[in-house]
Structures are given as C-alpha cells and as structure tokens.
Amino acid sequence: MKNKVKINRQMHEWSQEELGRRVGVSRQTIYAIEQGNYAPSAVLALKIAAVLETSIDQIFELEDTDWEN
Amino acid sequence: MKTYFELPVKYHMIGWIILIIFIPFGIASLFYEWQIDVLQIQVREEASFLKPQYENFTNEILGIGILTGLLMICLARLKEEDEFTRLLRLKSWQRGMAVNTILMILSFLFFYQEYFFYAAIFHLFSPLILVYAVFRFSFLSINRSIAHEK
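Quick note, the sequences are listed as chains A and B, same order.
Numbering-wise, our numbering puts 63 at position 63 of the first sequence, and it's gapless, one number per residue.
Numbering-wise, our numbering puts 1058 at position 58 of the second sequence, and it's gapless, one number per residue.
Read the hints as simulated data drawn from the structure, not as lab findings.
Computed from a predicted structure; not experimentally measured.
One or more of the hints may lead you astray.
Said to hold, decoys possible - BS3-like, lysine-lysine: derived pairs with alpha carbons at most 27 Å apart:
no.: 1; chain 1: B; residue 1: K1091; chain 2: A; residue 2: K2
no.: 2; chain 1: B; residue 1: K1079; chain 2: A; residue 2: K47
no.: 3; chain 1: B; residue 1: K1010; chain 2: B; residue 2: K1079
no.: 4; chain 1: A; residue 1: K47; chain 2: B; residue 2: K1091
no.: 5; chain 1: B; residue 1: K1079; chain 2: A; residue 2: K6
no.: 6; chain 1: B; residue 1: K1091; chain 2: A; residue 2: K6
no.: 7; chain 1: B; residue 1: K1010; chain 2: A; residue 2: K4
no.: 8; chain 1: B; residue 1: K1079; chain 2: B; residue 2: K1091
Stated by the list, open to error - A few chain A residues that don't get close to chain B, going by computed Cβ distances all over 10 Å:
no.: 9; residue: I7
no.: 10; residue: E63
no.: 11; residue: N69
To be verified - Chain B side only, calculated, beta carbon under 10 Å to chain A, not exhaustive:
no.: 12; residue: E1006
no.: 13; residue: T1085
no.: 14; residue: L1087
no.: 15; residue: L1088
Beta carbons are placed, not taken as given, at the ideal position from N, Cα and C, and that holds for glycine.
Work out the full structure: start from the sequences and follow the hints.
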C-alpha cells in the first residue's frame, strides 16, 4: 500500500513525533508507515486522515501487489 | 476491542529486579550446587532407584523466579505501546520461537551427556530470552533508522 503521509505531514510542518502525538501512536509507528513498512489499521488510517484534514483515499492507495495473496 | 494480552509498564522493571536477584543464585545452584537447607523436604517414605527420600526445592523456586521475571519483561507494555509495537512483539515471538527451535535441533545433534543437560537447562529459558532479544533488536533497528534519517 502506497501512502502520502510524509508529504501531507510536511505540508502541516509537523514532525513525526507531532503527528504521532496527535493520533496517539509512537514516532516509530509513523516512521514505519511513511517508509511503507507497516500498513496501519483502518482506525489508525482514518485518524491520520482526520488530523491531516483530508480523506483516507487521498493518503492511502492500494498497489497491484496488495491484491495478491 | 482488546484481543491481546499485555502487562502494565511497571512489570518491566519488576521483571528485571526479579531476574537480577534470581539469576546469580540460579548460576550458583546449577554450577556450584548451592541450596537452601530449609527447602529440603521429605517427599517419600523410603528412597529407591532415582527416587530420593528428600528433595531440595531450591532449583524449582529459582527456575520459577527466572521464568516469571522473563515472562514479565516479555509481556510488559512499552511506555508508548501501539498497534505497530504490538505487531513487532508478535513477530518477535514468531522469530524467537523459530530461532529457539533451530538451537534446540543443534543441541540434539552436537551436545551429549552433561553438556546436553546444560543445554536442556538453557532451553528452559531460551525461548523467552530470544523473544525479548529479537523484540529489542527490532526496536533498536527502527530507532537507528530514524536517527539516520535525521
């Protein structure tokens, strides 16, 4: 799953720590999401979209490989 | 809905205190046959082959203490526990168990007699040690990557 968390976060001029604090997760979690190493739960993805004042589909996008088992 | 089991953060410290107290006595008991005399209890009317009349329960208490301490450390929450760290923890159990199984296979193949006995004792504790080590290593790797990104 591709995501634009980093771009949206930088538009708000927030650090990873700040975004993490706003959605209630650690900085490590935000880092892992931005690097594409971790696909967040639906709840966390919705929270991230909400604090970044955008919709979830503007931030997270499925890739072809996500359809493979 | 909470579907996972974890202990409060303070159990991390409690677990370490238990380990610091119990491990030196455990080593003394294993290698130097140190025992607490009060724990010498009669368990049978008469002794027979491989069944002594008296048993000393020092080993059992030390073993339970060390396992309890390790379990507390492995299950205690981080200060910033979230869904990612939970996944990391779950993966650590999976990887730790896989590494432990490989070590057990190697022990079967390469250790005999008293060395196998010591390996068997080690493998009572190694699963939890490995799970914790893998978890801390994973966490350290992420922190290093973050520092590197800066």
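We went through each hint and held it up to the structure:
1. B:K1091 <-> A:K2: With Cα atoms ~22 Å apart, K1091 of chain B and K2 of chain A stay inside 27 Å; holds.
2. B:K1079 <-> A:K47: It holds: about 21 Å lies between the C-alpha atoms, which stays within 27 Å.
3. B:K1010 <-> B:K1079: holds (9 Å)
4. A:K47 <-> B:K1091: Holds: K47 of chain A and K1091 of chain B sit about 25 Å apart, inside 27 Å.
5. B:K1079 <-> A:K6: Roughly 24 Å between the alpha carbons, so the hint for K1079 of chain B and K6 of chain A holds.
6. B:K1091 <-> A:K6: holds (25 Å)
7. B:K1010 <-> A:K4: Distance of about 37 Å is beyond 27 Å: violated.
8. B:K1079 <-> B:K1091: holds (19 Å)
9. I7: holds (15 Å)
10. E63: Per Cβ check, E63 of chain A is outside 10 Å of chain B; nearest 20 Å; holds.
11. N69: holds (19 Å)
12. E1006: Check failed: Cβ of E1006 of chain B comes no nearer than 15 Å to chain A, outside 10 Å.
13. T1085: Holds, about 7 Å.
14. L1087: holds (7 Å)
15. L1088: holds (8 Å)
Consistency with the previously given hints fails for numbers 7 and 12, ordered from lowest to highest.
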